[in-house]
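Got chain A; can you put chain B on it based on the hints?
Residue numbers (our numbering), protein chains in the order written: chain A, 1 to 159; chain B, 1 to 98.
I should point out that these hints are in silico values taken from the structure, not numbers from a laboratory. Please note that a few of the clues may not be correct.
Computed footprint of chain B on chain A, listed as stretches where at least three residues anywhere in the stretch have a Cβ under 8 Å from a Cβ of chain B [said to hold, decoys possible]:
#	region
1	14-25
2	29-39
3	110-117
Being a predicted model, the structure only gives us computed values, none of them experimental. Using N, Cα and C, we set each Cβ at its ideal position, and we do this for glycine too.
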Amino acid sequence: MARKSEREMAAAISEKRFRRIVESYGANPLNWPDGERDSALRFAEENNRAAVFIAEPAALDRTLNDMPIPAPADEVLINQIIAAKNRAAAAAGEQQPRRKHQRLHWLLPRLLGLAVACGLGLFLGFLQLGAKRVGPASIDANILIYGASGVEDDLREIN
Amino acid sequence: MRRRRDHPLPEHYDAADDGPSPSEMLAESKRAQCVREAVNGLPVRQKAAVTLCYFEGLSNREAADILELNIKALESLLTRGRRQLAGKLETEMIELKG
Chain A
1 MARKSEREMA AAISEKRFRR IVESYGANPL NWPDGERDSA LRFAEENNRA AVFIAEPAAL
61 DRTLNDMPIP APADEVLINQ IIAAKNRAAA AAGEQQPRRK HQRLHWLLPR LLGLAVACGL
121 GLFLGFLQLG AKRVGPASID ANILIYGASG VEDDLREIN
Chain B
1 MRRRRDHPLP EHYDAADDGP SPSEMLAESK RAQCVREAVN GLPVRQKAAV TLCYFEGLSN
61 REAADILELN IKALESLLTR GRRQLAGKLE TEMIELKG
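So here's chain A without its partners, still in its complex pose (with noise of 0.2 Å):
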């Protein structure tokens, strides 16, 4: 058995719904959804009513066509696609706190190794002190004032 081809495979359309596509949308095929190009083409092809809705929406093509006009400016229209714009940067910015906690992630041993570093330094830095504090300066004030006492001259009488 032959293969169908992909235009005959493609799902056929009624006859209802082939003008439906020519009033909305016109007698380009361009203009018709890409899902259902194939199907009205074949319809047009096999079909000789075709050409007669074809006729109508062909003639209002041409009298837009052959007069190129810009696109009427319009408030409502405008700021439809200003919203649609927003929704769609609104859709994509679902992903941005994702990508946030991913960078986060990135950062986090980062900043835990100068954490780390940092409180190293802080400790060693109060050993530090600590060592100056009990060092052979203060050592020498301990003595001077144990000297000055007396304690010791005490203890030598007692002796």
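What follows is chain B alone, placed relative to chain A:
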């Protein structure tokens, strides 16, 4: 060396212009004005649908997304919009057919 001779144009020479005549240009301008008025005269949502699908060349899905409609509703707007345009531009359509 041969000298090149200049051949002056005839006294009443007028180059033929292949472009449209002033009356044709005027008629075209009037028709364009009619189309513009017809499109601008559509109800807001029909005008938006026609503008997006026809003049901006967006696909039906893109236009439906912008207008926050489903495809069926968009097609309904387009059909009504085009019918209204056809009614308003009947004269222009007949002229172009002829």
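Here is how each hint holds up against the structure:
Chain B is given as covering the region 14-25 of chain A, and this holds because 4 residues of the stretch bring a CB closer than 8 Å to a CB of that chain, at least three being needed. With 3 residues bearing a CB less than 8 Å from a CB of chain B, the region 29-39 of chain A meets the requirement of three and the coverage assertion stands. A stretch counts as covered by a chain when three or more of its residues have a beta carbon under 8 Å from one of that chain; for the region 110-117 of chain A and chain B the count is 0, and the coverage is violated.
In summary, the structure is inconsistent with hint 3 from the numbered list given earlier, while agreeing with all the others.
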